[in-house]
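*Asks:* Taking the hints into account, I'd like the entire structure generated from these sequences.
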Amino acid sequence: MIGKTVLLVDDSRVARMMARAVIERHHPGWTVHEAGTGEDAVAIATSSHPDFILVDVNMPGMGGLAAAARLRELHPKAAVSMLTANIQEPVQHQAEHLGVGFITKPIREDALLAFLTVGDAG
Amino acid sequence: MTPFIDAIDRDAVTELVNIAIGRAAASLSELVEDELRLSVPVIEFLTPRQAAERLEHETHGGETVAVRQNFSGRMTGHMLLIFPEKRSLDLVRSMLGDHVPLDQLTELEQEAFLEVGNIILNACLGSLANQLGLALESSLPAYVRGRGAQILDGGVSADDELVLFLQVDFSLLRKDIHGYLAFVMDIVSARHFIEAVRDYVASKLAG
Chain A
228 MIGKTVLLVD DSRVARMMAR AVIERHHPGW TVHEAGTGED AVAIATSSHP DFILVDVNMP
288 GMGGLAAAAR LRELHPKAAV SMLTANIQEP VQHQAEHLGV GFITKPIRED ALLAFLTVGD
348 AG
Chain B
76 MTPFIDAIDR DAVTELVNIA IGRAAASLSE LVEDELRLSV PVIEFLTPRQ AAERLEHETH
136 GGETVAVRQN FSGRMTGHML LIFPEKRSLD LVRSMLGDHV PLDQLTELEQ EAFLEVGNII
196 LNACLGSLAN QLGLALESSL PAYVRGRGAQ ILDGGVSADD ELVLFLQVDF SLLRKDIHGY
256 LAFVMDIVSA RHFIEAVRDY VASKLAG
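Residue numbers (the working numbering), protein chains in the order written: chain A, 228 to 349; chain B, 76 to 282.
No lab work stands behind these hints, which were simulated from the structure alone.
Worth double-checking, as some hints may not be accurate.
[As the list claims (entries may be wrong)] Facing chain B, from chain A, some residues (calculated, C-beta under 7 angstroms):
(1) Ser239
(2) Arg240
(3) Ala312
(4) Asn313
(5) Ile314
(6) Gln315
(7) Glu316
(8) Lys332
The structure displayed is predicted, hence computed values, not measured ones.
By construction, the Cβ of each residue, glycine as well, lies at the ideal position given by its N, Cα and C atoms.
*Replies:* Shown next, in the form of structure tokens:
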């Protein structure tokens, strides 16, 4: 795959850095956008066309699940997954209800790469 | 002092917390690529002052850094991931070493430590909530620096009221870093917690 675009949405700069490092190592030609809030992510997504979107759950402002729902509306063909430390079952169920994937932190390279290959986040 | 829990309750809480901490330890171990050794959880009812003194004692009166996250729902309280300040950069270096130039590590120390806390505390809280069938809201993690009392400040109630203090010590074997994970709940929440634990045990025994 060449020239794909990934949108990373996480209020933690460090979390974004770690995800970006994996992506750049394995897909050096890809474009990675970063957003620190759901609101910023929606703003970025209105002017870009991400193929893959990863969203943290616990964030200030609109929160990750609401952001994921909005991003899914904006880009129904994009593969969307939560990427979160919040492993509680109700959160997983909400993600499932939204039709988005669920990847747990700490980020595992194989899980992230699987998502970026086929959009499969379990 | 244990106002309302018996030996069975204590055993059940220890087991549940062991599982939750195990999940958190697995996460931390993945992050820093080192094996963790865990203590048996200590469960006590203490006044906030006693809890602070306990923490000061455990950290040898030194400065500590901590990530604090509040939780709410059927029970309300906060949880803390605590490390001696002088070792926190080592922890962050273990986590980010390959990803970040050395000169950026110090700048990123606080943010990296927050993310470590976010992952560890949520792993622990999420496991507990999942086992007990509870839905708990958790706040965004906050970075705290100071001694025992300062670390615990903000969340515990009046000084004469008891809090449930759950503490687990852990050490990273190769890096010789020790840390502490603590849960603090007021007495009303502690009662709800114990009730949830009893319901869980009863449901397991009933098959």
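*Asks:* A separate judgement is required for each hint: does it hold in the structure or not?
*Replies:* Going through the hints against the structure:
no., hint, in the structure
1, Ser239, "5 angstroms, holds"
2, Arg240, "5 angstroms, holds"
3, Ala312, "4 angstroms, holds"
4, Asn313, "5 angstroms, holds"
5, Ile314, "4 angstroms, holds"
6, Gln315, "5 angstroms, holds"
7, Glu316, "5 angstroms, holds"
8, Lys332, "5 angstroms, holds"
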